[in-house]
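Undergrad: Now for the letters of each chain:
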Amino acid sequence: MAVSQMIGARIQRREDPRLITGHGRFIEDRTLPGMVHLAVVRSPHPHARIVSIDTAAAGAAPGVLAVLTAKEFHTVLSGTMPVAPAFAPDKKYVPPRFPIAEQEVCFQGEPVAVVVASERALAADAVDLVHVEYEPLPAIVDPEAAMHPGSVKAHTDGPDNIGWDTTFAGGDIEAAFAKAEVRVKERILQQRLAPTSMETRGVLAQYSPFDERLTIWLGSQNPHFIRFFVSMSMGMPESAVRVVAEDVGGGFGGKISPYPEDYLVPAAAKLLGRPVRWIETRTESIQTTTHGRGQVFEAEVAARRDGTLLGLRLTQVLDLGAYHGTFGAFQACAGLMAGGVYRWEAVEARSVGVLTNKVPTDPYRGAGRPEATHVCERMVDRLAQELGMDPAELRRRNFAREFPFTNNFGLVYDSGNYDGTLDRALELADYPALRERQAEARRAGRLVGIGISTWVEICGFGPAAPTAGATGGIALVESAQVRVLPTGSASVFVGTQAQGQGHDTTFAQIVADTLGMPLETIELRHGDTAEGTGFGCGTYGSRSLSVGGMAVQQAAVKVREKARQLAAHLLEADPDDLVFEQGRFAVQGSPATGKSIQEVALAAYGGSLPSGMEHGLEAVSYFDPSNWVWPFGAHVCLVEVDPETGAVRIEQYVGVDDCGTVINPMIVEGQVQGGVAQAIAQALYEEVVYDGESGQLLTGTLLDYLVPTMNEIPDMTLDRTVTPSPVNPLGVKGIGEAGTIAATPAVINAVCDALSPLGIHHVDMPASPDRLWRLMQEARP
Amino acid sequence: MRVPAAFEYERAESVPHALALLARHGSEARVVAGGHSLLPMMKLRLAQPACLIDINGLTGLSYIREEAGQLRLGAMTRHAELLASALAARHFPLLGDAERVIADPIVRNRGTIGGSLCQADPAEDLSAAFAAAKALAVIEGGGGIRTVPIAEFHRGPYETAVAPDELLTEVRLPIRPGAGSAYEKVERRVGDWAIAAVGAVVWLEGDVVQDVGIGLAAVGAPHFHAAEAEAALRGRAPDAAAIAAAAALAAEHARPTADQRGPVDYKRHLVGELTGRALRRAVARARGREG
Amino acid sequence: MPHPLTLTVNGTGREDAVEPRLLLVHYLREVCGLTGTHVGCDTSQCGACTVLVDGAPVKSCTMFALQAEGCRITTVEGLAPAGGGLHPLQTAFWEQHGLQCGFCTPGFLMAATALLAENPDPTDEEIGRGLEGNLCRCTGYVNIRRAVRAAAAAMRAGAEPAATAVVGG
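Protein chains in written order, with numbering that gives the first Met the number 0: chain U, 0 to 780; chain R, 0 to 290; chain E, 0 to 168.
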């Protein structure tokens with residue numbers, strides 16, 4: 000084996016030189032000769048019947064090449080947009096969705112026509128000239144109201160608004176509750192959020208009628224899936240479609256599922272015979288890019304007076320929006336993970352997906368797992384408060400400690416050490432001193448609170464068997480191809496697609512160690528379906544390293560083992576007698592006799608191969624993990640609430656996480672920082688708001704949708720423990736979503752703790768100044 | 000990104016030239032200074048002027064000086080320049096307080112005080128600060144120059160006393176002895192518009208409030224002004240009870256509306272709280288003690 | 000109708016004719032071909048389009064190209080010294096992992112350049128206030144703060160823009 004030197008090293012990112020000098024290549028940076036611009040005419044109504052569309056004026060406007068509606072698109076697109084079974088396979092009602100509305104619009108922003116013009120500004124001008132006559136229909140906005148029989152229907156043709164109604168039973172919940180000595184109950188909201196990658200979406204498509212080939216460039220988290228879906232809809236062989244994602248300016252779940260424009264732009268390119276580009280505006284993004292969360296939980300905990308947890312029962316009402324998001328039902332996993340890091344006798348979770356007249360919801364960073372952690376960690380804190388126990392102590396009393404640990408739904412947590420991360424986090428925060436400080440502040444009438452969150456995450460999707468069912472056929476394995484060229488450098492092709500995660504660096508570190516090659520001789524390529532392996536599933540769900548990185552490692556191992564055979568042949572030695580160190584095969588016991596990997600590579604393309612060996616030095620690997628991986632950790636937050644304004648200030652933030660073996664600690668830390676920031680954003684600032692009556696989006700710009708600035712995000716004290724995963728040879732787990740999963744309950748528990756002297760038990764998100772002031776007003780005598 | 004509708008562009012070379020252009024293009028024209036209110040509106044196509052008259056070349060309107068017992072601010076003074084001005088800070092520290100929380104430093108580099116005033120957004124901070132300072136607006140038009148008390152400058156949301164063929168050229172703040180001032184704002188996050196904001200200027204004579212100005216932003220106060228609170232405090236010693244009474248009056252007479260930034264009662268509460276805070280700091284500053 | 004425009008972009012004089020409604024950011028990206036300046040919103044909030052106009056940071060989405068008549072524009076492509084290498088802020092963002100997806104980074108670099116020109120030794124609070132007009136969705140800002148501190152220290156110590164940094168250093 001090579002001496003490990005790259006894995007675990009803080010390597011500066013190889014992506015950065017182009018990005019810090021302005022030479023990144025994002026979707027709007029790419030132009031093609033003859034390119035024209037597409038703009039979308041969108042419904043201003045949340046729900047309406049389309050009476051007529053008059054395109055004459057727009058069609059006659061300067062620079063306009065075409066105005067296209069559903070009628071034209073039906074000539075090149077077929078079928079409906081995909082909906083995966085995910086965690087709610089038994090769907091009751093799936094409204095069919097064509098990429099562009101034909102008779103009825105069901106959310107504000109739904110496409111009704113597109114304009115293609117020679118210049119972006121002219122396309123925008125012509126949008127205003129398309130006259131659509133609508134007959135407004137009543138809109139349903141509130142998912143709980145939408146559940147009632149007789150509610151206004153989000154689709155006039157639908158039977159009702161129930162997308163699914165599924166109950167996960169994990170043990171005998173009645174028996175667990177029968178033993179209860181104490182119960183606590185709470186209603187917990189998960190507000191709608193807009194993923195808000197700084198780069199909005201965008202699509203550029205070019206259709207060649209001569210060889211009937213289509214190329215699509217877009218900002219995407221999974222180009223192979225886009226090719227899969229769009230080629231089918233356009234009736235083209237998958238192989239005739241090439242999808243390319245270059246630099247992608249953030250995703251956070253908002254660039255996973257196929258969108259209407261992913262179909263409409265290529266279709267327009269085919270209809271017009273010109274390269275067509277559409278770049279989403281921020282206003283369009285907040286209005287039409289899928290939202291995350293949007294859930295209401297009713298939760299109840301049964302426990303003994305000594306703090307032993309018995310049962311957890313919950314209902315998740317999930318606001319689907321107007322259509323099922325392609326992977327929207329993934330968020331039902333919140334129920335399966337609601338037990339968190341604890342031992343329970345039983346957990347029962349009902350999930351109801353409800354259609355409303357709003358943009359569809361779909362995964363947003365963490366997807367289901369932040370909701371699970373929030374509900375669990377809030378309930379545990381509520382119980383601690385009820386019992387007068389220290390929340391850290393209550394957690395310790397119930398931690399799962401024996402691994403692998405099988406939770407109430409049969410999910411097997413691979414490895415863990417929950418005491419380890421909690422102990423370290425409390426040590427770093429100096430928990431006793433914090434409690435002292437809090438007591439002193441309280442005596443002075445100040446509202447200071449401490450919040451703890453101990454979290455676990457299911458991630459690393461695969462494995463093949465369960466995920467093939469969940470996607471509707473495609474197993475979430477991951478692929479890689481490692482190709483060593485004659486002069487000894489390597490190209491590595493992967494099926495994942497980074498949007499800032501630094502795969503060019505970490506995956507190269509893995510190859511460098513496995514093949515003993517200098518980092519700079521390893522080229523990592525992703526995002527182009529015309530290269531590398533047949534299929535890749537993309538980057539989301541903290542899966543890239545533990546599935547994709549393992550495919551890279553396994554492909555590199557295959558290459559190394561072939562190189563070993565060839566080196567043995569060249570050295571006239573037995574392959575088993577060779578040691579591989581620092582990129583060189585040497586004969587055991589005579590270190591002077593050896594061949595470098597570069598020498599072997601040249602020989603692999605030469606004339607003296609052993610009989611039966613094929614030329615070349617490359618390998619493909621598909622990695623199918625045997626289980627998910629289960630990162631975990633403990634976060635501690637200290638806040639102070641201004642009693643007069645309701646403003647929250649985070650005074651201290653500590654996070655200790657465990658993602659198993661770390662490839663690049665700098666990148667891991669960065670992922671946690673960014674994740675925590677997005678969680679703080681949810682806890683205190685962000686919310687997509689629709690008018691409850693009219694269904695109009697009220698937070699349609701970044702002036703209204705409050706993405707935090709640097710001033711809202713504190714410095715963080717971060718540390719980690721290392722408990723390797725037994726699921727993969729490197730022992731790695733995911734870390735991309737960890738911070739987002741961990742931090743909302745840490746912050747909200749701290750706010751609740753701060754307000755507890757006033758008798759306030761629960762605060763919903765965002766814990767905005769006006770909301771806290773209202774609670775304090777109501778609590779004050 | 001969204002793009003504005005097409006328009007004609009004129010670059011004004013002088014104030015008379017700007018006025019001539021305004022006269023020529025009529026009400027279809029808009030003046031663009033820093034553009035940080037107008038351009039976003041144009042991109043969202045909430046504003047579609049047929050002609051833009053760019054007055055950024057009128058550098059003669061960019062100044063901060065003391066003259067005739069007044070602090071005089073040229074309308075083209077950038078927010079960043081006002082924030083950096085030691086002269087302004089010496090006479091009216093509330094201007095610095097307010098500028099620090101207006102938008103962000105990049106916007107402040109470009110945005111002008113005249114542009115902010117003329118946009119007349121009900122949540123605009125400088126309007127409240129100027130209301131508290133009892134400023135005067137200097138308006139030039141074909142008919143000459145006129146001076147309008149700030150309380151008459153704002154006619155309502157997005158409406159000012161500046162006629163379509165006129166230009167705001169200067170803001171004057173009378174300098175009087177015994178002054179102290181402060182500006183207090185609560186925002187949902189840094190850089191946001193105010194949930195509520197209060198500017199206060201007190202002029203002390205001995206232990207008595209000889210005069211006081213209280214300006215309110217984002218809470219529906221007519222002309223950004225808390226007249227009742229001012230009247231209650233004028234002529235009294237600025238003790239805790241007097242300040243509390245003034246704060247209560249300011250809250251009572253504010254007319255906030257509910258929006259994403261908060262409900263009515265919360266905003267009203269903030270008016271009281273912030274009026275108290277601003278007055279206390281203004282008094283401390285008047286007495287030479289930073290509050 | 001196009002109007003003539005004369006200005007200097009990254010040290011190079013240019014003469015063009017542009018429509019009045021052409022925004023400075025689109026002029027830089029589409030006329031000059033400098034795509035390092037990005038667009039992240041419609042309403043001047045995100046700061047991804049920040050460039051220096053006569054040395055002062057401006058959101059180039061909120062200025063018409065014609066308004067830059069006679070100005071000196073510096074974009075992220077013009078930040079590094081002409082002879083090669085990186086600006087100390089670029090080096091610091093790289094070393095401190097101050098970027099992930101990199102989309103907001105050019106705006107942060109330009110805003111931070113102006114901040115450090117005005118305040119060579121900013122506190123964390125001053126960095127936060129100085130960069131409040133720029134949004135980042137990936138980093139949580141922690142490493143951006145660190146990078147600005149590091150660059151400030153390097154520049155105070157007289158760091159010339161570094162020679163080409165070494166990958167894997």
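Keep in mind that a hint or two might mislead.
[Stated by the list, open to error] For each label pair, taking beta carbons as the anchor points, the in silico distance ranges come out as:
| hint | chain 1 | residue 1 | chain 2 | residue 2 | range |
| --- | --- | --- | --- | --- | --- |
| 1 | R | Ala283 | E | Thr122 | 18 to 26 Å |
| 2 | R | Ala243 | U | Glu777 | 35 to 43 Å |
| 3 | R | Glu151 | U | Glu692 | 35 to 43 Å |
| 4 | U | Arg24 | R | Arg44 | 25 to 33 Å |
[As the list claims (entries may be wrong)] Calculated Cβ distances over 12 Å to all of chain U for the following chain R residues:
| hint | residue |
| --- | --- |
| 5 | Val2 |
| 6 | Leu18 |
| 7 | Asp103 |
| 8 | Val185 |
| 9 | Arg188 |
Source of the hints: derived by calculation from the structure; they are not laboratory data. Glycine residues also receive a C-beta, built at the ideal position from the N, C-alpha and C atoms.
Undergrad: Indicate, hint by hint, whether the structure satisfies it.
TA: How the hints compare with the structure:
no.	hint	verdict
1	R:Ala283 / E:Thr122: 18 to 26 Å	holds, 24 Å
2	R:Ala243 / U:Glu777: 35 to 43 Å	violated, 23 Å
3	R:Glu151 / U:Glu692: 35 to 43 Å	holds, 38 Å
4	U:Arg24 / R:Arg44: 25 to 33 Å	holds, 30 Å
5	Val2	violated, 5 Å
6	Leu18	holds, 31 Å
7	Asp103	violated, 8 Å
8	Val185	violated, 5 Å
9	Arg188	violated, 5 Å
Of the numbered hints given earlier, the model fails hints 2, 5, 7, 8, 9; all others are met.
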